[in-house]
Amino acid sequence: GQQLNQSPQSMFIQEGEDVSMNCTSSSIFNTWLWYKQDPGEGPVLLIALYKAGELTSNGRLTAQFGITRKDSFLNISASIPSDVGIYFCAGEYFGNEKLTFGTGTRLTIIP
Amino acid sequence: GAVVSQHPSWVICKSGTSVKIECRSLDFQATTMFWYRQFPKQSLMLMATSNEGSKATYEQGVEKDKFLINHASLTLSTLTVTSAHPEDSSFYICSASRDTYEQYFGPGTRLTVT
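Protein chains in written order, with the working numbering: chain A, 156 to 266; chain B, 1060 to 1173.
Among the clues, some could well be false.
DSSO-like mimics (lysine-lysine), calculated; alpha carbons at most 30 Å apart, straight line [what the hints assert, rightly or not]:
#  : chain 1 : residue 1 : chain 2 : residue 2
1  : A       : K253      : B       : K1079
2  : B       : K1123     : B       : K1073
3  : B       : K1079     : B       : K1123
4  : A       : K253      : B       : K1125
5  : B       : K1100     : B       : K1079
6  : A       : K253      : A       : K206
7  : A       : K191      : A       : K253
8  : B       : K1123     : B       : K1100
9  : B       : K1114     : B       : K1073
10 : B       : K1114     : A       : K253
11 : B       : K1079     : B       : K1114
12 : B       : K1100     : A       : K253
13 : B       : K1100     : A       : K225
14 : B       : K1073     : B       : K1100
15 : B       : K1125     : B       : K1079
16 : B       : K1100     : B       : K1125
17 : A       : K225      : A       : K253
18 : B       : K1100     : A       : K191
19 : A       : K206      : A       : K225
20 : B       : K1114     : B       : K1125
21 : B       : K1073     : B       : K1125
22 : A       : K191      : B       : K1079
23 : A       : K191      : A       : K206
24 : B       : K1123     : A       : K206
FYI, nobody ran anything at the bench for these hints, they're computed from the structure.
Work the whole structure out from these sequences, hints included.
What follows is the structure, encoded as structure tokens:
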């Protein structure tokens, strides 16, 4: 099935650094969601975006829905050890309820 | 709110046997439930979408006779992997949605077929 392109694939950062990742698609979506998945667990919803241009924050996390409806980014400020995991973007296309998932960004914090 | 549970969390079965996985929305009624599978270091791939009381809609390439889905109520969906083979070993995750497009995921079930 179709997947969204996420970049970077992996990130190695030091605690306290800011993180930025993005997600792009060849198709437009009307909803963008960002999830975090820990090993052996299901994804946990972080942020939901519903309008083009929307900028939404959840604590240290900020995400934006691109104006073209074909991209989104997620920023994490002042990273902490519990931020380690895999981050997935997901898009929903106009009312069909199904989500298309990104390829994932693996975040590792170097001690 | 929006808690989804799965049972079992892991299962080992012999080749040729069937395995049933349950997905429950604990504190809300789910209009739709979804089943995904995830291979190591890969993203989630949607297998099927199910609505309470109706037949599941399967994604292209997913065998409906092998992966039986029953959505008995607004809080329970089951996935049965019939005649399991080693290539069916994977991480199976369900999700549930209520009245928005946000999906809430269960903790997943790791299936190992020997």
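Tested hints:
1. A:K253 x B:K1079: Given that 30 Å is the threshold and the Cα spacing comes to 23 Å, the pair holds.
2. B:K1123 x B:K1073: holds, 21 Å
3. B:K1079 x B:K1123: Measuring from Cα to Cα gives roughly 14 Å; hence the hint holds.
4. A:K253 x B:K1125: Holds, at roughly 21 Å.
5. B:K1100 x B:K1079: At roughly 24 Å apart (the allowed maximum being 30 Å), K1079 (chain B) and K1100 (chain B) satisfy the hint.
6. A:K253 x A:K206: holds, 18 Å
7. A:K191 x A:K253: Holds - the C-alpha atoms of K253 (chain A) and K191 (chain A) are around 18 Å apart, at most 30 Å.
8. B:K1123 x B:K1100: Judged against 30 Å, a Cα distance of about 25 Å means the pair holds.
9. B:K1114 x B:K1073: holds, 28 Å
10. B:K1114 x A:K253: holds, 16 Å
11. B:K1079 x B:K1114: holds, 17 Å
12. B:K1100 x A:K253: holds, 22 Å
13. B:K1100 x A:K225: Answer holds: K1100 (chain B) to K225 (chain A) is near 25 Å, not above 30 Å.
14. B:K1073 x B:K1100: Holds, at about 25 Å.
15. B:K1125 x B:K1079: With Cα atoms ~12 Å apart, K1125 (chain B) and K1079 (chain B) stay inside 30 Å; holds.
16. B:K1100 x B:K1125: holds, 24 Å
17. A:K225 x A:K253: holds, 16 Å
18. B:K1100 x A:K191: holds, 14 Å
19. A:K206 x A:K225: Within the cut-off at roughly 12 Å; holds.
20. B:K1114 x B:K1125: At roughly 15 Å apart (the allowed maximum being 30 Å), K1125 (chain B) and K1114 (chain B) satisfy the hint.
21. B:K1073 x B:K1125: Roughly 16 Å between the alpha carbons, so the hint for K1073 (chain B) and K1125 (chain B) holds.
22. A:K191 x B:K1079: This hinted pair holds, its Cα atoms lying about 27 Å apart.
23. A:K191 x A:K206: holds, 21 Å
24. B:K1123 x A:K206: With Cα atoms ~35 Å apart, K1123 (chain B) and K206 (chain A) exceed 30 Å; violated.
Comparing the model with each earlier hint shows a violation of hint 24 alone; every other hint is respected.
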